[in-house]
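Engineer: So the chains spell out like this:
There are 2 protein chains.
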Amino acid sequence: MKKALVVGVLSLGSALLMSAGKSEDAKLLEEARKYFKPLPEVAQSKTNPVTPEKVELGKMLYYDPRLSKSGLISCNTCHNLATYGVDNLPTSVGHRWQLGPRNAPTTLNAALHVAQFWDGRAKDVEEQAKGPILNPIEMAMDSPEEVIKRLRSIPQYVELFKKAFPNEKDPLTYDNVAKAIAAFERTLMTPSRFDKFLKGDLNALTKKEKEGLKLFMQIGCASCHNGPALGGTTFQRFGIVEAYWNATREYVTLDKPTMPMDVGRFAVTHKEEDLYVFKVPSLRNISRTYPYFHDGSVWNLEDAVQIMAKVQLGKKLSKDQLDKIVAFLKALDGEIPKHALELPVLPPSSPATPKPQR
Amino acid sequence: MKKALVVGVLSLGSALLMSAGKSEDAKLLEEARKYFKPLPEVAQSKTNPVTPEKVELGKMLYYDPRLSKSGLISCNTCHNLATYGVDNLPTSVGHRWQLGPRNAPTTLNAALHVAQFWDGRAKDVEEQAKGPILNPIEMAMDSPEEVIKRLRSIPQYVELFKKAFPNEKDPLTYDNVAKAIAAFERTLMTPSRFDKFLKGDLNALTKKEKEGLKLFMQIGCASCHNGPALGGTTFQRFGIVEAYWNATREYVTLDKPTMPMDVGRFAVTHKEEDLYVFKVPSLRNISRTYPYFHDGSVWNLEDAVQIMAKVQLGKKLSKDQLDKIVAFLKALDGEIPKHALELPVLPPSSPATPKPQR
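Those sequence lines, one after another, are chains A and B. Just so you know, our numbering puts 125 at position 125 of the first sequence, and the rest follows in order with no gaps. Just so you know, our numbering puts 175 at position 175 of the second sequence, and the rest follows in order with no gaps.
Treat the hints with caution; some may be incorrect.
The list treats identical chains as interchangeable, and a pair is accepted whether it falls inside one copy or across any two copies.
[To be verified] For lysine to aspartate or glutamate, the following EDC-like pairs were computed, each having C-alpha atoms within a straight-line distance of at most 20 Å:
1. K355 to E302
2. K130 to E302
3. K338 to E56
4. K2 to E145
5. K355 to E250
Hints were generated in silico from the structure; no laboratory data involved.
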């Protein structure tokens, strides 16, 4: 009788404990849902509805080096989908090996952001796509007309633009080049185990990752790195508590181009409060999109997290806290959509196609 | 009765005509089989047997820019599988935008060739793969040890080398890097309608293409451009009847680097008879692998064919002959294997991975 009672009490106890455990996870999920959302399947747009024809055309353009003056550089060169939409370089290399000033952000999930580029100067991916093609230190095309001239000389492209923009009299425009690329990018959503968790699967994250998530919210990371992309929702100063370069200075190497301090969004708005303000980057796939920060100065994720804690929040993380947060961040690694990894076979140029200029 | 007789005679007549037509095609096929063979499914090797593990690893390495000093250039940069294994540039662009002296040959079907590079200095694709990685004007890695250092710092690569070379004590060697890439390249076979014809489908080519094939053999093109790759079987002087630059000179633009006349295989053998001798290139996918010749000086396929007729055979083709030959050449456009177009997701670097140097 006594034994049965003991067993009964133990069972009840462990049941209570288990339900308390479940309740912890459920509470964590409830808290997380205040800050984060799972990824949509496609980042839809009212002004540029995503259609299969646009996505097919956009993918070809994304991978086509003829959108660059030299005929060598494509969107995929710096936003390489084999490496999570980045080039894993501090800053990118462009036409004639000119080195850019900023780290190439990933195109994965980028369409969800409130604006594009580190300084938010483009309002959406449709506007962003027009930039690098014409930037003299990036793809260096001389003008939108030169881009259209090249594409118009390729019969298959002419057909594909008609298919993708069927109700337009003259569909082969620079706007539509950008819209097609953007439509493709809107499909670059990379769901992860964290999304499964957010959708209710309490076992999708390990215990350590859940502890990391809890710290991520408690310590203050989530006050900026929130939303479906865990970033991209606001602009913030890099270096709130202290100047960021106090912490990143030691990581700057001779390899980097000598240049004035990057003033961030100030260059766009000219408001003093925007000095060293940047769009908060997305933390999805962060373990793959090194090196970090707008200048790509820091390679190590652990270092980047400590720097953020220091200059943004005035905190120093213990080794244990750091480990857990990094474990959580790695749970944000997502699945790159299969269609995005299928290289398109590009249509051949014609004798009318203007030649590349190296 | 008369009507039946007429119908009977007409039927017999057309049957005879049809069989005479079939016989023409059958004769053409018989003749073609003396010069050409259909592509194998894989270009097998006794010394480097192709296995799925090697191919998977080789594909990753082929697409991995960390095999270059800058971390920007991969095999796929110049041998872009989205554009039939070439970069469609006169000569390639390498580290720090240095311009190479020769046109990048396609990796498609290359494993079938008797040797690699325009001057045949590598005996097979296993030897070829070692070249560009270390070439200071191409991928510019400082040494094989530097390549291995990078790969060894990436745990997934260490595992993949063990899987691909299971009976070796230390599988992560530069030789094996090349063997893996070569194994992948051995699967880059691109069967075309011409292969269907060679396998017996007399209707796989159009009438015009068959006439082009006939001319191709009659005129003398097939005396050099033969074998399964329609090329790659011998070395020949470019400019047999007259100096080739008599014909290509007008196509040379200011864009091209100033350099001494390319002496071809002479630079390898130092034999006078090898002056301006090059490996005969493959004509498979030729309509996609412009611009043409070792220096990539000629963009237009029709022009290239006329130049060949002139300087190799001392002939001038009529417009009709040219049209037919070019139609046949276009029938050599093949299917790029699906697996080759599936971009691999590359493993991340580790803190131990040596940094790129731009």
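Engineer: Now tell me, hint by hint, if it's right for this structure.
Structural biologist: Do the hints match the structure? See the list:
When the C-alpha separation of K355 and E302 is checked against a cutoff of 20 Å, the pair qualifies only between copies, where the shortest distance is 17 Å, while the shortest distance within a copy is 46 Å. Within a single copy, K130 and E302 get their C-alpha atoms no closer than 35 Å, and across copies no closer than 36 Å, so neither meets the 20 Å cut-off. Proximity of K338 and E56 under a CA criterion of 20 Å is satisfied in both settings, with 13 Å inside one chain copy and 17 Å between copies. Proximity of K2 and E145 under a CA criterion of 20 Å is satisfied in neither setting, with 89 Å inside one chain copy and 71 Å between copies.
For a Cα distance limit of 20 Å, the shortest separation of K355 from E250 across copies, 16 Å, qualifies, whereas the shortest one inside one copy, 44 Å, does not.
Hint check: violations occur at hints 2, 4; the rest are consistent with the structure.
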